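Following the hints, complete the assembly by docking chain S onto the known chain E.
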Amino acid sequence: MKEIKFILNGKEVSVEADPLKRLLDVLREDKRMTGVKEGCGEGECGACSVLMNGVLVNSCMIPLGAVEEAEIVTPEGIRETEKGKLIIDAFGDAGAVQCGFCTPGMMMATEALLTINKTPEEEEIREALSGNLCRCTGYDLIVKGVQIASERGKDLW
Amino acid sequence: MGAKISIPVRRIDAKEKAGGWAKYIGDYEFDNLQHGRFLRSERARAKIIEIKKPVFPEGYYYVDASDIPSSGKNNIQMIKDDWRVFAVDEVRYIGETIAIILGPDKQKVLDLLNEIEIIYEDLIPAFTFDDALACKGGAVHGTDNIFAEYLLNVGNTDNAFKIADKIIEGKYETGFQEHLYMETQGLVGTWEDGKITMYASAQCPFYIRKSVAGTLGVPLGDIRVRQVTTGGAFGGKEHFPDVIATPLAVAVNKIKKPISMIYDRIEDISFTCKRHPSKITIKTGLDKDNNIIAMEIDTLVNGGAYESSTPIVLQRAILHGLGVYNIPNARILGRAVATNTFPSDAYRGFGAPQGLFAIEMHMSHIADELGLDTSDFKRKHFIKTNDITITNSKMHDDVKLEEMFAKIDEMSDYSSKVKKYANDPVKGIGIAFVNHGGGFTGNGEQVVIQGVVKMKRLDDGKAGLYVSVVEMGQGLQTTMRKIAAGELGLSIEDVVYDNPDTDIVPDSGPTCASRSIMVVGFLVQECAKKLKAKWEEGVGTEATHQYVHPEEFVWEQETLQGDAYPAYGWGINVVEVEYDPVTFEVKTEGVWAVWDVGVAIDETIMQGQSSGGIIQALGYASIEKCELKNGAFMQHTMADYTIPTSLDFPKVETVFIDNPYKYGPSGAKGAGELVFDAAPPAYAEAVQNAIGKRIYDIPVTPEMIMEALNK
Numbered sequence: 001m002k003e004i005k006f007i008l009n010g011k012e013v014s015v016e017a018d019p020l021k022r023l024l025d026v027l028r029e030d031k032r033m034t035g036v037k038e039g040c041g042e043g044e045c046g047a048c049s050v051l052m053n054g055v056l057v058n059s060c061m062i063p064l065g066a067v068e069e070a071e072i073v074t075p076e077g078i079r080e081t082e083k084g085k086l087i088i089d090a091f092g093d094a095g096a097v098q099c100g101f102c103t104p105g106m107m108m109a110t111e112a113l114l115t116i117n118k119t120p121e122e123e124e125i126r127e128a129l130s131g132n133l134c135r136c137t138g139y140d141l142i143v144k145g146v147q148i149a150s151e152r153g154k155d156l157w
Numbered sequence: 001m002g003a004k005i006s007i008p009v010r011r012i013d014a015k016e017k018a019g020g021w022a023k024y025i026g027d028y029e030f031d032n033l034q035h036g037r038f039l040r041s042e043r044a045r046a047k048i049i050e051i052k053k054p055v056f057p058e059g060y061y062y063v064d065a066s067d068i069p070s071s072g073k074n075n076i077q078m079i080k081d082d083w084r085v086f087a088v089d090e091v092r093y094i095g096e097t098i099a100i101i102l103g104p105d106k107q108k109v110l111d112l113l114n115e116i117e118i119i120y121e122d123l124i125p126a127f128t129f130d131d132a133l134a135c136k137g138g139a140v141h142g143t144d145n146i147f148a149e150y151l152l153n154v155g156n157t158d159n160a161f162k163i164a165d166k167i168i169e170g171k172y173e174t175g176f177q178e179h180l181y182m183e184t185q186g187l188v189g190t191w192e193d194g195k196i197t198m199y200a201s202a203q204c205p206f207y208i209r210k211s212v213a214g215t216l217g218v219p220l221g222d223i224r225v226r227q228v229t230t231g232g233a234f235g236g237k238e239h240f241p242d243v244i245a246t247p248l249a250v251a252v253n254k255i256k257k258p259i260s261m262i263y264d265r266i267e268d269i270s271f272t273c274k275r276h277p278s279k280i281t282i283k284t285g286l287d288k289d290n291n292i293i294a295m296e297i298d299t300l301v302n303g304g305a306y307e308s309s310t311p312i313v314l315q316r317a318i319l320h321g322l323g324v325y326n327i328p329n330a331r332i333l334g335r336a337v338a339t340n341t342f343p344s345d346a347y348r349g350f351g352a353p354q355g356l357f358a359i360e361m362h363m364s365h366i367a368d369e370l371g372l373d374t375s376d377f378k379r380k381h382f383i384k385t386n387d388i389t390i391t392n393s394k395m396h397d398d399v400k401l402e403e404m405f406a407k408i409d410e411m412s413d414y415s416s417k418v419k420k421y422a423n424d425p426v427k428g429i430g431i432a433f434v435n436h437g438g439g440f441t442g443n444g445e446q447v448v449i450q451g452v453v454k455m456k457r458l459d460d461g462k463a464g465l466y467v468s469v470v471e472m473g474q475g476l477q478t479t480m481r482k483i484a485a486g487e488l489g490l491s492i493e494d495v496v497y498d499n500p501d502t503d504i505v506p507d508s509g510p511t512c513a514s515r516s517i518m519v520v521g522f523l524v525q526e527c528a529k530k531l532k533a534k535w536e537e538g539v540g541t542e543a544t545h546q547y548v549h550p551e552e553f554v555w556e557q558e559t560l561q562g563d564a565y566p567a568y569g570w571g572i573n574v575v576e577v578e579y580d581p582v583t584f585e586v587k588t589e590g591v592w593a594v595w596d597v598g599v600a601i602d603e604t605i606m607q608g609q610s611s612g613g614i615i616q617a618l619g620y621a622s623i624e625k626c627e628l629k630n631g632a633f634m635q636h637t638m639a640d641y642t643i644p645t646s647l648d649f650p651k652v653e654t655v656f657i658d659n660p661y662k663y664g665p666s667g668a669k670g671a672g673e674l675v676f677d678a679a680p681p682a683y684a685e686a687v688q689n690a691i692g693k694r695i696y697d698i699p700v701t702p703e704m705i706m707e708a709l710n711k
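Residue numbers (the numbering used here), protein chains in the order written: chain E, 1 to 157; chain S, 1 to 711.
No lab work stands behind these hints: they were computed from the structure. Any given hint could be a false lead.
Claimed, not checked - Under 7 Å between C-beta atoms, here's a sample of chain E residues computed to sit facing chain S:
no.: 1; residue: Phe6
no.: 2; residue: Ile7
no.: 3; residue: Gly10
no.: 4; residue: Cys40
no.: 5; residue: Cys45
no.: 6; residue: Phe91
no.: 7; residue: Gly95
no.: 8; residue: Gly100
no.: 9; residue: Cys102
no.: 10; residue: Ile116
no.: 11; residue: Pro120
no.: 12; residue: Glu124
no.: 13; residue: Arg126
no.: 14; residue: Gly138
no.: 15; residue: Leu141
Said to hold, decoys possible - Below 27 Å or equal to it, Euclidean Cα-Cα: the simulated DSSO-like pairs (lysine-lysine) are:
no.: 16; chain 1: S; residue 1: Lys23; chain 2: E; residue 2: Lys31
no.: 17; chain 1: S; residue 1: Lys53; chain 2: S; residue 2: Lys384
no.: 18; chain 1: S; residue 1: Lys257; chain 2: S; residue 2: Lys279
no.: 19; chain 1: S; residue 1: Lys106; chain 2: E; residue 2: Lys5
no.: 20; chain 1: E; residue 1: Lys21; chain 2: S; residue 2: Lys136
no.: 21; chain 1: S; residue 1: Lys651; chain 2: E; residue 2: Lys118
no.: 22; chain 1: S; residue 1: Lys400; chain 2: S; residue 2: Lys456
no.: 23; chain 1: E; residue 1: Lys85; chain 2: S; residue 2: Lys15
no.: 24; chain 1: S; residue 1: Lys454; chain 2: E; residue 2: Lys83
no.: 25; chain 1: S; residue 1: Lys454; chain 2: S; residue 2: Lys530
no.: 26; chain 1: S; residue 1: Lys108; chain 2: E; residue 2: Lys31
no.: 27; chain 1: S; residue 1: Lys47; chain 2: S; residue 2: Lys257
no.: 28; chain 1: S; residue 1: Lys662; chain 2: S; residue 2: Lys384
no.: 29; chain 1: S; residue 1: Lys651; chain 2: S; residue 2: Lys15
no.: 30; chain 1: S; residue 1: Lys166; chain 2: S; residue 2: Lys530
no.: 31; chain 1: E; residue 1: Lys83; chain 2: S; residue 2: Lys380
no.: 32; chain 1: E; residue 1: Lys2; chain 2: S; residue 2: Lys108
no.: 33; chain 1: E; residue 1: Lys11; chain 2: S; residue 2: Lys651
A quick note: this is a predicted structure, and the numbers were derived from the prediction, not measured. Glycine included, every Cβ here is placed at the ideal spot set by N, Cα and C.
The following block holds chain E by itself, in its conformation from the complex (with noise of 0.2 Å):
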């Protein structure tokens, strides 16, 4: 057991636990944090998708001593921002959400992408998300979501 401080959606936070425990598990058990989820548990589908230092990574395959001093930004830290709106909003629009387990994943590739391309064409949209599974859409239509989002976010990102 060890205590590890790190920022969790802008508040600092304490967490004492074992180091090798997933960040996944900790943002889900511990601070009850369930926008993230868990979909393989070995880093290939994108569900349980943060961002650390800005960074889109998937938290089952970071320890919990990993992110000693990191910053960490879950769906629960952006959703109520004016990006995180943006997105749900163009998300909703497109037609990208259906059983919605891979979307608040989505939501934070998005956010990673338009952090560093406010205007990414459509390869550079398929690229972004290529991380991130989805067994019900075939993409297209959260492609389409990505495009609005960024069409709208001009003037945020």
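Chain S alone, transformed into the frame defined by chain E:
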């Protein structure tokens, strides 16, 4: 696409899901929650000699068949009840449930599980179709390993073959396919107010209630099932949740505490049902003018170790065996065999994709053999309204395939590309034509389901909608509200439709068979009309409506004769590919789809179904290989069972045509499975045209292409 109801609305569940507010089964908190794990068979076919268990600490339990109450049965009540809740004395497949280990600490439960040792005496297992038909090691099921055998006949096939000018044969195989819903299987069973309640990620709450009540030997009303937001299903959560719920209920009944049984991904891929593998042989007789005059089809599907819904899957495979063609003399033999593999079960399409893959490839191969253009040859044989079907009835649908072909030809430039790529060394284009019967086969809706829906006027001008069909991603929370709201003149937000709870909603039947909109949606529309008529009676006024079978559709279940389905969805897909002659990898350059689903209840939701169904089907056709080794699936993770990513296929170009069905809500027909059916043969034909060698099996892997080219 002109209907008012087709105008898209924002899905009612979009925001709560996208933002991560929606709660799935693993997101709920339960006081004093215990964690369960299954002890499973590691052998495909063996006697259990002894189970060596460690001493269980206080609060940890081993639950097996001996814990089933004397009033109950160690059988899962599905269509049949041959599948056992817990294996006793012998095991029939790798992964069969033997016991549940449970307790408060997940890790301790896993440690206990690892300490258990099972001593087996191995028997000779049967894995392949040949093993099954030869009853290798003795029959797994009955005396002959045949779960079901059907014979369909139209015309006089033997005579027609005698006068045939030429005969062409082919053998087609398809493999297992894993559903890979993003949310794994999961249920939590609780003991509330002296009653077992199951919270389930599931398609069919009343199936779970029936199976659990049967296992415990209690009245149906003693079991409550509450569906929770479900992260994808595709058929995988149709009957399989019964296999988890029944042993779980035995455990809850024993300890009277909440227990969670949520699979991790490795368990889910390794130990859940897959799509039935198939082996279909087709022999066709043609006259001098290259008209098909006779066809004989032999269909085999592998049902695995227990029956589950296998006979019905087989029925659908053979009822779709002739595809969209008018074949005057045809005979189809269908057999579902038992093996010592994990039981196969429902998967989007339910047998139709297997049958349609075979017939579409066969038609393509005949055209190739005769030096004809595939689409010309297929179009010449299109079934038309009032033509005789394989079940000796008439095709009632207004068949619009020609209009649809003109549309897709214009969108994809198919006809000119076929000619252009004929001599291209790396490019190819393929086309497939399909239909898919909506609702339960034959008179299943009338005899088996007898669905009921209820509506009620609530406070504040709202209406409650009570149905047992579930939202699982396909958009039902939105489309059902649109149907009800449209009749009542309300906004969709004013229709209350919660996740079904068997204590509250009537049994409108399961969420499967492309029936939710076409059949249950129509009941909702009719029920809403009734409620509207007595709306002024005030808050609390209720209306119910039960399924009435349209008289013009007649069916004889014993002989499988008559109108197999009241209405079909129709579709055409075109797929364009280019392959790499060095690595044999295939790149898909274009995908087009034209669908007749009657009327789309929401065009955007249907676009999502089209893209999603097609991409899932292209995975099935290309990369989703699931193999057996000694009865165990070799693929266990998302790294070795890969599904399409956003980079693997281009955008699907989709168009819908209107063709209203009079017993569908606003004219809508079934759609959720149809969208899967056409892409596999269209893809396989595109690859075949690119490489210049015939394709008979899917998935078409680079290895298969290399072998075909080296032959």
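Outcome of the hint check:
For phenylalanine 6 of chain E, the shortest C-beta to C-beta distance to chain S is roughly 20 Å, which exceeds 7 Å, and the interface hint is violated. A hinted interface residue such as isoleucine 7 of chain E counts as satisfied when its beta carbon comes closer than 7 Å to some beta carbon of chain S; here the least separation is about 19 Å, so the hint is violated. Nearest Cβ of chain S to the Cβ of glycine 10 of chain E: about 17 Å, over the 7 Å cut. The hint is violated. Because the smallest distance between the Cβ of cysteine 40 of chain E and any Cβ of chain S comes to about 4 Å, under 7 Å, the interface hint for this residue holds.
For cysteine 45 of chain E, the interface hint holds, the least distance from its beta-carbon to any beta-carbon of chain S being 6 Å, beneath 7 Å. Interface restraint check: phenylalanine 91 of chain E against chain S, minimum CB-CB distance 5 Å, threshold 7 Å, status holds. Interface hint at glycine 95 of chain E: satisfied, since its Cβ lies 4 Å from the closest Cβ of chain S, which is below the 7 Å cut-off. With 7 Å as the threshold, the beta carbon of glycine 100 of chain E comes within range of chain S, its nearest partner Cβ sitting at about 3 Å, so the hint holds.
Taken as an interface hint, cysteine 102 of chain E checks out: its beta carbon lies about 5 Å from the nearest beta carbon of chain S, inside 7 Å. Interface restraint check for isoleucine 116 of chain E: the shortest CB-CB distance to chain S comes to about 17 Å, outside 7 Å, so the restraint is violated. This hint is violated: proline 120 of chain E has a C-beta 12 Å from the nearest C-beta of chain S, more than the 7 Å allowed. Below 7 Å, beta-carbon pairs count as interface contacts, and glutamate 124 of chain E has none with chain S, the closest being about 11 Å; its hint is therefore violated.
The beta carbon of arginine 126 of chain E comes within 4 Å of a beta carbon in chain S, closer than 7 Å, and the hint placing it at the interface holds. The closest approach between the C-beta of glycine 138 of chain E and any C-beta of chain S is roughly 3 Å, which is under the 7 Å cut-off, so the hint is satisfied. With a cut of 7 Å, the hint placing leucine 141 of chain E at the interface with chain S holds, because the nearest CB-to-CB distance is about 5 Å. Restraint check for lysine 23 of chain S and lysine 31 of chain E: satisfied, since their Cα atoms lie roughly 15 Å apart, inside the 27 Å limit.
Straight-line distance between C-alpha atoms of lysine 53 of chain S and lysine 384 of chain S comes to about 65 Å, which puts the hinted pair past the 27 Å bound. Among the hinted pairs, lysine 257 of chain S with lysine 279 of chain S is inconsistent with the structure: their alpha-carbon atoms are about 46 Å apart, more than 27 Å. Taking the CA atoms of lysine 106 of chain S and lysine 5 of chain E, the gap is near 26 Å; set against the 27 Å cutoff, the hint holds. With a C-alpha separation of about 48 Å, the suggested pairing of lysine 21 of chain E with lysine 136 of chain S is violated against the 27 Å cut-off.
Of the supplied pair hints, the one linking lysine 651 of chain S and lysine 118 of chain E holds, its CA atoms being roughly 22 Å apart against a limit of 27 Å. The suggested pairing of lysine 400 of chain S with lysine 456 of chain S is violated, with an alpha-carbon distance near 39 Å, which exceeds 27 Å. Between lysine 85 of chain E and lysine 15 of chain S the CA atoms are separated by roughly 9 Å; this keeps the pair inside 27 Å, and the hint holds. Under the criterion of a C-alpha separation no larger than 27 Å, the hint pairing lysine 454 of chain S with lysine 83 of chain E is inconsistent with the structure, at around 41 Å.
In summary, the hint linking lysine 454 of chain S to lysine 530 of chain S is supported, as the alpha carbons are separated by about 10 Å, within the 27 Å threshold. Restraint check for lysine 108 of chain S and lysine 31 of chain E: satisfied, since their Cα atoms lie roughly 23 Å apart, inside the 27 Å limit. With a C-alpha separation of about 33 Å, the suggested pairing of lysine 47 of chain S with lysine 257 of chain S is violated against the 27 Å cut-off. Distance check on the hinted pair: lysine 662 of chain S and lysine 384 of chain S sit about 19 Å apart at the alpha-carbon level, within 27 Å; holds.
Taking the CA atoms of lysine 651 of chain S and lysine 15 of chain S, the gap is about 24 Å. The hint holds against a cut of 27 Å. Of the pairs offered as hints, the one joining lysine 166 of chain S and lysine 530 of chain S is violated, with about 59 Å between alpha carbons and a cut-off of 27 Å exceeded. For the hint pairing lysine 83 of chain E with lysine 380 of chain S, the CA-to-CA distance comes to about 55 Å; that exceeds 27 Å, so the pair is violated. This hinted pair checks out: lysine 2 of chain E and lysine 108 of chain S have alpha carbons roughly 21 Å apart, not beyond 27 Å.
Taking the CA atoms of lysine 11 of chain E and lysine 651 of chain S, the gap is near 40 Å; set against the 27 Å cutoff, the hint is violated.
Comparing the model with each numbered hint stated earlier shows that hints 1, 2, 3, 10, 11, 12, 17, 18, 20, 22, 24, 27, 30, 31 and 33 do not hold.
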